[in-house]
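S.K.: Sequence:
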Amino acid sequence: MFVNPDVAAEATGFPALGFNPAPGEPPAVGAGARQYSGIAEKLHHAHEAIQSIITQRGMWEGEASEAFTRRVGDLPEYLDAATGSMNKAAEALTQWAGTLAEMRRAAEELERQAKKAKEELEAAEANPAFELANQWFDNAQALQSAQTALGNAATQVDSAANRLAEIMDAAERLQAQHRDIAEQVAATLDEARQLAPDEPGLVGKMLDGLSGWSPTTPTSRSTPPKPFSRRSTTSSRTTPMSSVRSPDSLVMSARCSDSQPSSSRGRPGKPLAPPAQCSEG
9 MFVNPDVAAE
19 ATGFPALGFN
29 PAPGEPPAVG
39 AGARQYSGIA
49 EKLHHAHEAI
59 QSIITQRGMW
69 EGEASEAFTR
79 RVGDLPEYLD
89 AATGSMNKAA
99 EALTQWAGTL
109 AEMRRAAEEL
119 ERQAKKAKEE
129 LEAAEANPAF
139 ELANQWFDNA
149 QALQSAQTAL
159 GNAATQVDSA
169 ANRLAEIMDA
179 AERLQAQHRD
189 IAEQVAATLD
199 EARQLAPDEP
209 GLVGKMLDGL
219 SGWSPTTPTS
229 RSTPPKPFSR
239 RSTTSSRTTP
249 MSSVRSPDSL
259 VMSARCSDSQ
269 PSSSRGRPGK
279 PLAPPAQCSE
289 G
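Positions 9 to 289 (my numbering) are the ones given, in order, by the sequence shown.
Don't read these hints as lab results, they were simulated from the structure.
Quick caveat, the model's predicted, so the values are computed rather than measured.
All C-beta atoms in this analysis are idealised placements derived from N, C-alpha and C, irrespective of residue type, glycine included.
There could be a bad hint or two in this list.
[Said to hold, decoys possible] Ranges of calculated distance between the beta carbons of each label pair, as one might list FRET restraints: (1) 88 with 36: 26 to 34 Å; (2) 159 with 123: 21 to 29 Å; (3) 33 with 170: 32 to 40 Å; (4) 49 with 198: 17 to 25 Å; (5) 113 with 163: 27 to 35 Å; (6) 124 with 56: 53 to 61 Å; (7) 21 with 89: 38 to 46 Å; (8) 202 with 42: 16 to 24 Å; (9) 127 with 177: 18 to 26 Å; (10) 123 with 185: 16 to 24 Å; (11) 53 with 127: 55 to 63 Å; (12) 198 with 78: 30 to 38 Å; (13) 50 with 192: 22 to 30 Å; (14) 49 with 82: 20 to 28 Å.
Throw the hints in and build the complete structure from the sequences for me.
M.R.: Shown next as structure tokens:
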């Protein structure tokens, strides 16, 4: 059985449940949201800057206009798409931070309930009435009394075991809900990271280059400027964007679909004893 290491590491805080239904730290997720929001703001400012340059193209004609178009490439489109994607990621993380905080409170409450239910089950299994099993009694009244005591004890064990099972079911449902939402957030972050520039300061360098452009810039340079292409920043990436935390670290064990609770299901402990018997004669 595969157990996600992050889930296993945090399970120590949930001894009654045996697993953490909602792993993750809301403050860390919130910090990630602010980080993505900051990147979105910088990209937005860059988009506004390039747009302000583009609006001056009306005075350019012919070769100068064509050269500028080649230089800009699809930079404005890239900046606009990246800004939207970063904002979407920031919003997703902000919502996830709040949801995760609620889930962690629910997980802690389930842990308290599971601890109490286990204690009640242990107490029910330790009922002295089970010692009446396999004993012989001199009369039918004593036998009936013993059987009644055994039946009541068994009912208490069943009730406690069922209560514990209900709590474990609720914890597993919470874990599944956590996993589903976290995977959605991770997908949003993956999309945002694919639109993010790999090289720190890449957008700034592009804008610095464009700011030096003018209609009188010679177009017959020995080394003409390389036009911006969104494909050049996405198809050949070798490392993820260093300034943004990875999706898995932000969603906190989002993809743990193979992990399962370690607690045993059903009624733990010894089986019920056989009924008491009445002695002959």
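S.K.: Determine whether the Cβ-Cβ distance between residue 123 and residue 185 falls within the hinted range of 16 to 24 Å.
M.R.: holds (22 Å)
S.K.: Given the hint of 21 to 29 Å, is the C-beta distance from residue 159 to residue 123 inside that range or not?
M.R.: holds (28 Å)
S.K.: Is it true that residue 88 and residue 36 lie within 26 to 34 Å of each other by Cβ?
M.R.: Check passed, 29 Å falls within 26 to 34 Å.
S.K.: Lying within 17 to 25 Å: is that true of the beta-carbon distance residue 49 to residue 198?
M.R.: Roughly 21 Å apart at Cβ, these two residues keep to the hinted range, so it holds.
S.K.: Measuring from beta carbon to beta carbon, are residue 113 and residue 163 in 27 to 35 Å?
M.R.: holds (33 Å)
S.K.: Given the hint of 20 to 28 Å, is the C-beta distance from residue 49 to residue 82 inside that range or not?
M.R.: This hint holds: roughly 21 Å between Cβ atoms.
S.K.: With 30 to 38 Å as the target window, see if residue 198 and residue 78 comply at their CB atoms.
M.R.: Roughly 32 Å apart at Cβ, these two residues keep to the hinted range, so it holds.
S.K.: Could you see if the CB distance from residue 50 to residue 192 stays within 22 to 30 Å?
M.R.: The hint (22 to 30 Å, Cβ to Cβ) holds, given that residue 50 and residue 192 are roughly 26 Å apart.
S.K.: Is 18 to 26 Å right for how far apart the beta carbons of residue 127 and residue 177 are?
M.R.: Hint holds: Cβ distance 19 Å, inside 18 to 26 Å.
S.K.: Residue 21 and residue 89, beta-carbon distance inside 38 to 46 Å?
M.R.: holds (41 Å)
S.K.: Confirm or reject the claim that residue 53 and residue 127 have a C-beta distance inside 55 to 63 Å.
M.R.: holds (59 Å)
S.K.: Okay, residue 202 versus residue 42 on CB: inside 16 to 24 Å?
M.R.: Check passed, 21 Å falls within 16 to 24 Å.
Comparing the model with each numbered hint stated earlier shows that all of them hold.
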